[in-house]
Amino acid sequence: MSPTDGGALRSVVTRLLALAAAVGMVVGALALRGDAPGRAGGDGGRGAEGPLRLTCAAELATACQALADGREDLQVTVEEAGHTADRLAAASAADVTDDGWMVPAPWPQLVEEARGRAGSPPLLDHTGPVLARTPLVVAVWSDRSEVLATSCQPDVGWRCIGEMAGRPWSEVGGQEAWGPVKPVVPDPVTTTVGLFTLGQATATYHGRADLSRADLDDDGYRDWLGSLAGGLVHPPDPSLQAMLPFGRARFDLVATTEASAQPLVERAARAEGLVLLDFEPVATADVVLATRRDDRRATMLADLVGGSDGLAALAGAGWRLAGDGPAATPRPGLPDGNGLPSPGVLEALRSAWQEVA
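Numbering that gives the first Met the number 0 numbers the first residue of the sequence shown as 0 and each following residue consecutively.
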């Protein structure tokens, strides 16, 4: 080989090595950004490929399924809020595959407080805006409602219902043929409606929502809570939709939300004679999107859920768009706050209910 040939070969090798180094730098940069195929980058091991994964509280099933309908970039899982909360509270960040959780507040705060008590690092960003709201209501047959209006003084509310639960209607001004007072409240440990109704009922009992855990140890309150728990009916499906086919025979009233109840009352053939009551003080379920922290897939999900498609899905499911007045037909306005006790008290209520139920 001549000196000229050797110099040319060295030049080619040098250029190839430089090209390989440049390619390596580009691939490394993509991996750090989470853009390289098969690499997780900033996405906590989940990668940038595949549909966005949204977990929805059961009360939001209709809205979430409407949002996901026809979309290949969104995968929806519906789960009771209490189950999701317990799972996220105990999980390590690497084990969580959800990109976001659409749920009424303050469930995400319950998760973060539980993680804090366990010494686990923060997981959720729940600082986004309230997307939509709906008040808690009670669906009750009108003849029972008339008796409650007479027997519950000064106002019909959960304190009075808790005192009546399980007693014969004939003892409180109703007809003997109605049997016992049969209220239904979904499980407060696992469901949003159940926990928020219990929070509203507890605030009503004490006459204020700014409660502490010590208020839950009051002997009178514990007796009342036991009376409510002991008098409830526990059907397999504790919803208004399950109440309607049986008429007045199965149960007399059920805790629900306006978003869930209003369409049924307007359309169901068996809803004649059913009324929806708002108890004072009004309590609301306020929808938020909690996402993983510092995660760009979560940002993409927030843009989708909080955009026109997401808000339209919520409005179509009967939720009132936050800051936008009623979502459909004119209805009374809602208070500024949700009317519920603090997240810490709500978590304590879950434990108290398990003790008495």
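Rather than coming from a laboratory, the hints here were simulated on the basis of the structure.
Model, not experiment: these values are computed from the prediction.
One thing to keep in mind: the hints can contain errors.
[What the hints assert, rightly or not] Restraint-style ranges between C-beta atoms, simulated for each label pair: (1) 69 with 116: 19 to 27 Å; (2) 233 with 77: 18 to 26 Å; (3) 355 with 169: 36 to 44 Å; (4) 86 with 222: 29 to 37 Å; (5) 115 with 244: 42 to 50 Å; (6) 233 with 116: 25 to 33 Å; (7) 306 with 169: 51 to 59 Å; (8) 216 with 280: 37 to 45 Å; (9) 64 with 207: 13 to 21 Å; (10) 96 with 265: 35 to 43 Å; (11) 115 with 77: 21 to 29 Å; (12) 117 with 145: 20 to 28 Å; (13) 68 with 274: 31 to 39 Å.
Ideal Cβ positions, reconstructed from N, Cα and C, are used throughout, including at glycine.
Each hint, compared with the structure:
1. 69 with 116: 19 to 27 Å: 42 Å, violated
2. 233 with 77: 18 to 26 Å: 22 Å, holds
3. 355 with 169: 36 to 44 Å: For residue 169 against residue 355, whose Cβ atoms are near 26 Å apart, the range 36 to 44 Å is violated.
4. 86 with 222: 29 to 37 Å: 34 Å, holds
5. 115 with 244: 42 to 50 Å: At 45 Å between Cβs, range holds.
6. 233 with 116: 25 to 33 Å: With a Cβ separation near 30 Å, residue 233 and residue 116 satisfy 25 to 33 Å, so the hint holds.
7. 306 with 169: 51 to 59 Å: Taking Cβ atoms as reference, residue 306 and residue 169 lie about 55 Å apart, which means the hint holds.
8. 216 with 280: 37 to 45 Å: 23 Å, violated
9. 64 with 207: 13 to 21 Å: Given a distance of about 38 Å, which is not inside 13 to 21 Å, the answer is violated.
10. 96 with 265: 35 to 43 Å: 38 Å, holds
11. 115 with 77: 21 to 29 Å: Given about 27 Å between the Cβ atoms, the range holds.
12. 117 with 145: 20 to 28 Å: 49 Å, violated
13. 68 with 274: 31 to 39 Å: 33 Å, holds
Hints 1, 3, 8, 9 and 12 from the earlier list are contradicted by this structure; the remaining hints agree with it.
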